[in-house]
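Q: Sequence:
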Amino acid sequence: MRASLLHLDEALIGQDALLASVLASDGRSLDLRDLGPKLRLWSRPAALADLRARLRTALPADAGPMLVFCGSGDFHHITPILLQRAMEAAESEIGGREAVTVLHFDNHPDWVRFSNGAHCGSWVGQAARLPGVAKVITVGVCSPDIRKPDPRRADLALLAEQRLELYAYRDPDGGRSVELGGRAWPTIEGMGEAAFAAFLCSRIGGEAIYITIDKDVLSPGDAATNWDQGRTSLGLLKTLLAAALRGRRLIGADVVGDWSAPVYGGGPVARLLKRGEAWLDQPRTSPDGAALAANEGVNLQLLDLLLETPSRLEAVA
Numbered sequence: 001m002r003a004s005l006l007h008l009d010e011a012l013i014g015q016d017a018l019l020a021s022v023l024a025s026d027g028r029s030l031d032l033r034d035l036g037p038k039l040r041l042w043s044r045p046a047a048l049a050d051l052r053a054r055l056r057t058a059l060p061a062d063a064g065p066m067l068v069f070c071g072s073g074d075f076h077h078i079t080p081i082l083l084q085r086a087m088e089a090a091e092s093e094i095g096g097r098e099a100v101t102v103l104h105f106d107n108h109p110d111w112v113r114f115s116n117g118a119h120c121g122s123w124v125g126q127a128a129r130l131p132g133v134a135k136v137i138t139v140g141v142c143s144p145d146i147r148k149p150d151p152r153r154a155d156l157a158l159l160a161e162q163r164l165e166l167y168a169y170r171d172p173d174g175g176r177s178v179e180l181g182g183r184a185w186p187t188i189e190g191m192g193e194a195a196f197a198a199f200l201c202s203r204i205g206g207e208a209i210y211i212t213i214d215k216d217v218l219s220p221g222d223a224a225t226n227w228d229q230g231r232t233s234l235g236l237l238k239t240l241l242a243a244a245l246r247g248r249r250l251i252g253a254d255v256v257g258d259w260s261a262p263v264y265g266g267g268p269v270a271r272l273l274k275r276g277e278a279w280l281d282q283p284r285t286s287p288d289g290a291a292l293a294a295n296e297g298v299n300l301q302l303l304d305l306l307l308e309t310p311s312r313l314e315a316v317a
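According to the working numbering, the sequence shown holds residues 1 to 317 in order.
Errors might be hidden in some of the hints.
Computed cross-link-like contacts, EDC-like style, restricted to lysine to aspartate or glutamate with a CA-CA straight-line distance of at most 16 Å [stated by the list, open to error]:
1. K238 / E308
2. K238 / E193
3. K148 / E189
Calculated from the structure, these hints are not laboratory results.
Take the sequences, apply the hints, and build the full model.
A: Printed below as a string of structure tokens:
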């Protein structure tokens, strides 16, 4: 497993310790900021195709498993592209296809239906339906998006098809579980953190796993993001990651959620629509320098934890 910095915005610029650590471990730093404004918040197929083509050259599948830091959570919808790349690399490595579980940490479910492209809140359905993906397990949600999912265009068929499992940190209404798709889904708060760590391991069926982390799952004291944040501590996130990966093979990972000042593109109408959506959905404050420095500290800890995880079939028991 190696690491890459994927610069689509300014979020990772200035994280010099992270850059040094990535390069010291034979990683890469890729400047694709020319594509960032078109991709930010939501993207049309042409912009996604441009990114896919650039990554095919910059991060070819034969380069092996990658941990990719991608900047703001406004770019979370590039995860399916990185996931496909990871599965191609894994297939080449072991000489065949295997079922992959996607472990998704986020304060939001990212399960809405979105036509003609991809939205940073819509990518889960695309990922869950990729050939070779066993299921997506979403962990840590606190957002009220799960309170009334139907008016928010939630793709609840994912639950019925058993392509998605969702375990919130807490029920927005204060209960011990969340009612979704005709089922009560236990919460971390309701089970207790230690019990949930063991439970999460039991929900991962196969050996191969892909991890995607939006740092807005973390409490505001641990990270500074472009979105409202959850209640998961950095310590709990690391505990859950370590438990989930024990005895399994990490085929790839991505991390989003570093704050950056938004720059929107895709044409005048797209810029206007994106600004309006951000005004409605995102906090209107900017983090201070100390909060931004904390983001780099989180990235360094995730880098150390995930790069130490075996990525080949000889996974530790």
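Q: Does each hint fit the structure? Answer for all of them.
A: Results for each hint:
1. Among the hinted pairs, K238 with E308 is consistent with the structure: their alpha-carbon atoms are about 13 Å apart, no more than 16 Å.
2. Restraint check: the Cα-Cα separation between K238 and E193 comes to about 12 Å, which is no more than 16 Å; the hinted pair holds.
3. Straight-line distance between C-alpha atoms of K148 and E189 comes to about 20 Å, which puts the hinted pair past the 16 Å bound.
Consistency with the previously given hints fails for number 3 only.
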